[in-house]
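Chemist: Sequences and hints are given; from them, build the entire structure.
There are 2 protein chains.
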Amino acid sequence: MKFISKNNPTPQETCEIINEGLRKKAMITLYSCCCAKYNGRAKSQLGLGERMILIKPDGSFMIHQNHKLDPVNWQPPKSHSKVKIKDDIVFLESVRRSPEEHLLVKLNTTYLVSYCLVRDSEDLEVTGHEKDMGKMLWKHPNMIENGFRPTNMEYATESGFIDILGKDKNGFLTILELKSRKAGVSAVKQLLRYVNDFKEDKSHVRGILVAPGVTDDAQEMLDKYELEFKMVKPPKELKIDKKVTLDFFL
Amino acid sequence: MKFISKNNPTPQETCEIINEGLRKKAMITLYSCCCAKYNGRAKSQLGLGERMILIKPDGSFMIHQNHKLDPVNWQPPKSHSKVKIKDDIVFLESVRRSPEEHLLVKLNTTYLVSYCLVRDSEDLEVTGHEKDMGKMLWKHPNMIENGFRPTNMEYATESGFIDILGKDKNGFLTILELKSRKAGVSAVKQLLRYVNDFKEDKSHVRGILVAPGVTDDAQEMLDKYELEFKMVKPPKELKIDKKVTLDFFL
DNA sequence: GAGTGCATCTCGCTC
DNA sequence: GAGCGAGGTGCACTC
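In order, the protein sequence lines correspond to chains A and B.
For the first sequence, position 158 matches number 668 in the working numbering, and the numbering has no gaps at all.
For the second sequence, position 49 matches number 559 in the working numbering, and the numbering has no gaps at all.
Hints should not be assumed to be uniformly reliable.
The list makes no distinction among identical chains, and a pair is therefore deemed to hold if it is satisfied within one copy or across any two copies.
[Unchecked claim] Taking lysine-lysine pairs in the DSBU-like style, the calculated list, with each CA pair at most 30 Å apart, reads: (1) K699 <-> K709; (2) K734 <-> K547; (3) K677 <-> K699; (4) K592 <-> K734; (5) K596 <-> K645; (6) K649 <-> K709; (7) K512 <-> K592; (8) K743 <-> K709.
Hints in this document: simulated from the structure, not taken from any laboratory.
Modeler: Here you go:
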């Protein structure tokens, strides 16, 4: 990893290092006392304060305050970053087209500027999604109940896509609505709409909310509309768990 | 702003600087070749690669790859960060309670480590939200149409909160559903549910979708259910625009 | 490119 | 602390 770092840079040095980082498609990090204005999908302004600024080679741009996970201001990937100097003050500008969005940052003082050329070919492997639940239940439908037979995944209706459609051991149409986290009333409403869509055709339609948990309100609503709940936790199995384990412990 | 920065630190130096930064409640930045494992709400693993790591004094923890706006791995505010060294290899650990979440990062090589004490008392001022639209339309109801009189904001129904409830010049109950961005079918569905809730009582109920735009599908659905659309852009007025303008140009 | 829905969403609000 | 809804959501996916 090639990198450059400069403490207490002059405005000119700040400008040069940022330009170099942009040209070389590096990650650029700044600690600066700055203020910012944004206009685009919304409009915002941020008064003077000390923050960290991160610019990525894909055009992503972030201003991080000393709290919160989210940046206080940002531009998405594919934005175009520029740096200017005017009356000895450095301005950072990031522009996005479609939708048109502008972020202008004034760097009153920069304490630390650095850029690093970063190589990274690894993608994150993640599990525990709703999709993982779907695959698992498709393979092991008896996790829902004995005799359940799934027939469709992502079945299209006018109210949206039904996660899993199938029949129970008595042949009754059964609709599964999956949630990877505790389900609230909105999940029950969604399930109810699917069930009502089908009830127009047939009378015996079961609706089952499948999730690791359910809120009290949601359970009440399930009872009210004679819908069901099945506790299922999303599976958390990583494909090549061994490999990373080795990375970690060897 | 007090800060420390070290190029190509030894594992011991990395450890010391991070610990110092944690103790002083600083923002900590690392450029490292690392791998990571996460387990909590989901589970994930990330193979070896060069990344930037940011730890904030509020416990926020991020691993940033060289692309995307979002961190590839993270922990939310109030997480607890620790650094350990084992066989000359540095491990970062961030733990969150409730829900229980663990992030473990192995730093194979660190290129740059720094921490900065950051002072920042400014909050972001932002406008252009749905709320701003609501306030504007409450003050200037004729923006909807001549003779419209709003009666309630955030009116509670069993299907949720109606943004603005009122009566038109003919005295007909009128429901406004506000969106600050282009509205899709889901917005129309929501509006339709409100209207149907009220139609049980009265027959003449108008539903108006108020947004800067509407998708084709949504417009079709509006026509189908005899709902209306009113083009209104969210207002973008900042309270103390002058102040930041001065910050910028003086 | 637009539209739809999930997310370790985050965040602020209310109860 | 739990639940609910908005967001400059971001992001992947489909059409």
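Chemist: Each of the hints needs a verdict: does it hold here or not?
Modeler: To see whether the hints hold, each was checked on the structure:
1. K699 <-> K709: both (15 Å within a copy, 19 Å between copies)
2. K734 <-> K547: Neither: 50 Å inside a copy, 42 Å across copies.
3. K677 <-> K699: This pair counts as both: shortest intra-copy Cα distance 21 Å, inter-copy 28 Å.
4. K592 <-> K734: Neither, since 58 Å and 48 Å both go past 30 Å.
5. K596 <-> K645: Answer is neither; intra-copy 58 Å and inter-copy 39 Å both fail.
6. K649 <-> K709: Answer is within; shortest intra-copy Cα gap is 27 Å, inter-copy 45 Å.
7. K512 <-> K592: For K512 and K592, both the intra-copy (22 Å) and inter-copy (27 Å) Cα distances are at most 30 Å.
8. K743 <-> K709: Classified as within; 29 Å inside a copy, 40 Å across copies.
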